[in-house]
Amino acid sequence: MTSRRMRTGASAMTAVLLLGACGGGGPGGSGGDFSGDKLVLAVLNDQSGVYKDASGPNSVKAVKMAVADFQKKYGDQAVVDKIDVTSTDHQNKPDIANTKASELYERQGADVILDVPTSSAALAVANQAKNHKKLFLDVSAATTALTGAQCNKYTFQWAYNTYMLANGTGTTVTENGGKNWTIIYPDYEFGQNMTKSFSDAITRAGGTVQSTIPTPFPNENFATFLTKAGSTNPDVIGTMQAGGDLINLVKQFNESGLKEKGVELAVGLMLITDIHSLGVDQFAGTMFTDAWYWNMDAEARAWADRFKAETGTRPTFEHAGNYSAALQYLEAVQAAGTDDADAVVGKLEGKKVNDAFLRNGEIRAKDHSVVHDAYLARVKKPAEVKEEWDYEEIVTTIPAAKAFPPAEASGCSM
Amino acid sequence: MNAVLQYAVQGLAAGSFYALAALGLAVIFGVLGVVNFAHGAFYMLGAVAAAVLLDTLDLSLWWSLLVVPVLMFGFGVAVERLLVQWLLRLDPLYNFLLTFGLTLVLVELVKQRYGVSGLPYELPGPLQGRFDLAGVVLPRYQLFVLLFSLAICVLVWLVMTRSRVGMIVRASTEKPDLARALGINVGRWVTPVFGFGVALAGLAGVLAAPFRAITAEMGNNFAIILFAVVVIGGLGSIVGAVVAGFLVGLVEAFGQAYAPTFAQIFIFVLMALIILVRPAGLFGRKEATA
Amino acid sequence: MTQSVETEAPVTVTGTPVAGRDPRLRWALLAVGLVAALALPWFVYPPVAMDIVAMALFAIALDILLGFTGLLSFGHAAFWGSSAYVTGLVATHYGVPFPVAVVGGAVFAMILAVPLGYLSIRRSGIYFAMVTLAFAQMVYFVAYQWSDLTGGENGLQGVPRSFFGIDLVETESFYFYYAALPILLLGMWAAWRIVHSPFGRVLVSIRDNTQRARALGYEVEKYKVMAFVLSAGLTGLAGGVFAINHGFVALTELHWSTSGEVVLMTVLGGIGTLWGGILGAFLAVMLADYLASSGFSGIDLVTGTVFVLVVLLFRRGIWGTVRHQWLARRLRRSSSRRSPADADPAKR
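Protein chains in written order, with the numbering used here: chain D, -17 to 396; chain B, 26 to 315; chain R, 261 to 608.
Be aware that one or more of the hints could be misleading.
Stated by the list, open to error - The calculated label-pair distances, taken between Cβ atoms and stated as ranges, are:
#1 R/F424 - D/K290: 52 to 62 Å
#2 D/K334 - R/I426: 44 to 54 Å
#3 R/G555 - D/K334: 29 to 39 Å
#4 R/W586 - B/A103: 30 to 40 Å
Unchecked claim - Stretches of chain D that chain R covers, calculated by requiring three or more beta carbons in the stretch to come under 8 Å of a beta carbon on chain R:
#5 27 to 34
#6 163 to 173
Treat the hints as calculated values from the structure; they're not laboratory data. All C-beta atoms in this analysis are idealised placements derived from N, C-alpha and C, irrespective of residue type, glycine included.
Given the sequences, and given the hints that come with them, work out the whole structure.
Rendered as structure tokens:
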């Protein structure tokens, strides 16, 4: 409903009780195929909190790069001339994300919302997308609920999810000989899901999970948990902590002497910014699944160089994911010739894509999960690092079909 | 049995941070009547300062243990002179609110300047590695933290009980009315004591730098647990703060070992029990009013 | 305790409420307030307008404790958030009209407030603030880990907005505003009644001089717990409406930063003014809303600085300052003599 949009203030005072009279308006910009005669891409993410470095303001720049590339490619042939990119900071507060999403759709004429880290915020925005029948391409939130129980026609999950992270690392590390696992996980939704996916993957690959150790969150002191984990004599300790707690755990793991005993550390969710902030030496040898790495091949590298020219830093996979999501959205608009969400969804669904971010990508129609190759990475030793941000060695490429859960298993029905 | 010993030592090591910081909180409260909400932020600043000193001036942990408390003392003095002192004669709630606002500002400034992902920190060589004492394996650094903070606590206690300055501070901490009645000019000590308390929080931060994540947010949860610590120990009591600090460390460690997800909840349950049984805290005196 | 050495400055002046002196002014203010409340969603995006009014009731509820009982609760997010969750759960599982769910949430908040209040009021003054903060953190941890019930960090999503099948209210946030507004206004009226009842007078006397109140035979503890529970109930009403307004509940609502936010609103508006909370909530919510799209990332820098400045320089808050100025002017006008009555309490 867009009827509210046109209502303006001043003279309204007397009309307070005339609730039935909901001012003029009607669907905006009914003249052309584009509402408001332009396309609005709204990046809604955390620009002040814990996700600022991993995504934040630089994701807005990545989206602008996509717009520039699109305009360069199509020039006069582009179906729309004016493309706006707006940036909104949800301050890592889900309720602000929720209100802002609704306002962006209703009043700012946003055709698509991009990014949205923090699962509670992303799920709330997905709900707004459904209600407003506008697109939402999520990049930074990892919950499988977006493409599972709470999926909807207008929501896509572009880069990764908890299944991908857990399955990739669990399977590959086990196949490479790490048979006995002990998992330390933060006892909340993300940690519980990750642990379950990890355990499934490990068992399927012929390994065993000897014990799973829940921890409180946030938590500074992991010594006790590491002692307990060590007492089970595992080949691998898997940790599902994230952010500051991950750094706490890794520092204390290094102190504990388990590393010298030959115990490997596999991490559920790690971002290149974590490695950057803590230094490679602390993480050296740690294995984790990455959705994309800036130096993984020539194409990624070329894009990363352009990104560096724009922002002065190397991209995370979330930056690249935002670029890809924006670019593919624009391509779909070009193909559909309109910004009508249903038409664009039609063009996106089932499309097979390769771009700077996606390898063997497919925008799955069944659950709107964008599946693509994922990578098992190992953190380099300090001696192997040749330049700044040169932190990861890609051990294996996990093909798209194996990296993501099968569509039938998603539990999504739209 | 070994496991129990192991957890005990780990718990005491974790408790060292609480003990040091709570000691600072207690001294400030004693002399100024201020509950310093920003104590967690000062702890964070101590760790950040150590990381920055290592990064820019290549000052190792040893130097940071010396330099950072001095810097934090200066910072504390500035905060007291510029902000806290204007509210000292009012209801202490105002200073609680003031330091809460200050916390928001400090955390945000660190975020803006140093990002949100954290800062790296390298442990000096001699402190790396582990001790293996009859089956109890302990990182050297944890043992160092434990011994170092115990030493500081004992030192503070000696100063408090043996020196004139200490007696005055202690008198005004534990028996403020009497101290004033005896004509002791407590006011003179207000600024340095605040600085001293802040320095202790900063020192705890330096100690935390090598094995905890150094982020702008690191002090937030710490501060709340710290409040539980001083409620358990009794705010007016210096010994209480230290004992409760180690006690909470132990509760945390054993909680983590035997009922992991409830480890933090146990701390608050302990606090609730103390409030029920001994409202003034383990070592506190009864409030005049209650 | 050190604070007993200094003669305790009361957290605020009560003075005589403006309204008490001039019934015409009281009605005028009430009318302005009502019109403003009704007109708000015309000028402000309706979901944001709803947040403002919900937060306003939250701040007012907190002021019953802070301004009128002298207790600073730094853990009110526990009641706001738990009511939001209960409201959300009731609405989701039973499909009842939302006001029913909100009342359910508020009742739960009151039930939760009984043990927490009983424990917390065993410590007064600054202890009370720390203890409530710690207990609220405990509630937060429980909700975080009990993800079967709360959805953990994914939040409780898809809370329906059921309202007797009236489609406009259920789907349009503009009309929902008017459907939910009476609940919140009722809450504010209740707060006003509480403060101006004999019960409220006892609370003020406890705040000003606990011993004397005790000596007069009042069971101080009982009154404090009652004030705590009532405040939690009104907080719960607000939190419930907030949950329905957003259609989901996230852990943020239980986080200590929410407790801090509402304290800021109350202090900014003016401690002990009750209605100041409305101004505080309006400013705080609008600020967060504005900064979200301003490109300035650092909301805590602004909030923190405002906090420090208000506490240092404008302890009366906005409403309190205005009222003070107004009273001072009236006094000057009515008598040329120096007035000892309204000595500046903040400047001691």
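Hint by hint, here is what the structure shows:
Range check, R/F424 to D/K290: Cβ separation about 58 Å, and the 52 to 62 Å hint holds. With their beta carbons about 46 Å apart, D/K334 and R/I426 fall inside the hinted range of 44 to 54 Å. Separation of R/G555 from D/K334 is about 37 Å and conforms to the stated range, judged on CB atoms against 29 to 39 Å. Checking the proposed 30 to 40 Å range against R/W586 and B/A103 shows it holds: the Cβ atoms sit about 38 Å from each other.
Using a Cβ-Cβ cut-off of 8 Å, 3 residues of the stretch 27 to 34 of chain D lie near chain R, which meets the minimum of three, so the contact claim holds. Counting residues of the stretch 163 to 173 of chain D whose beta carbon lies closer than 8 Å to any beta carbon of chain R gives 4, which reaches the threshold of three, so the coverage claim holds.
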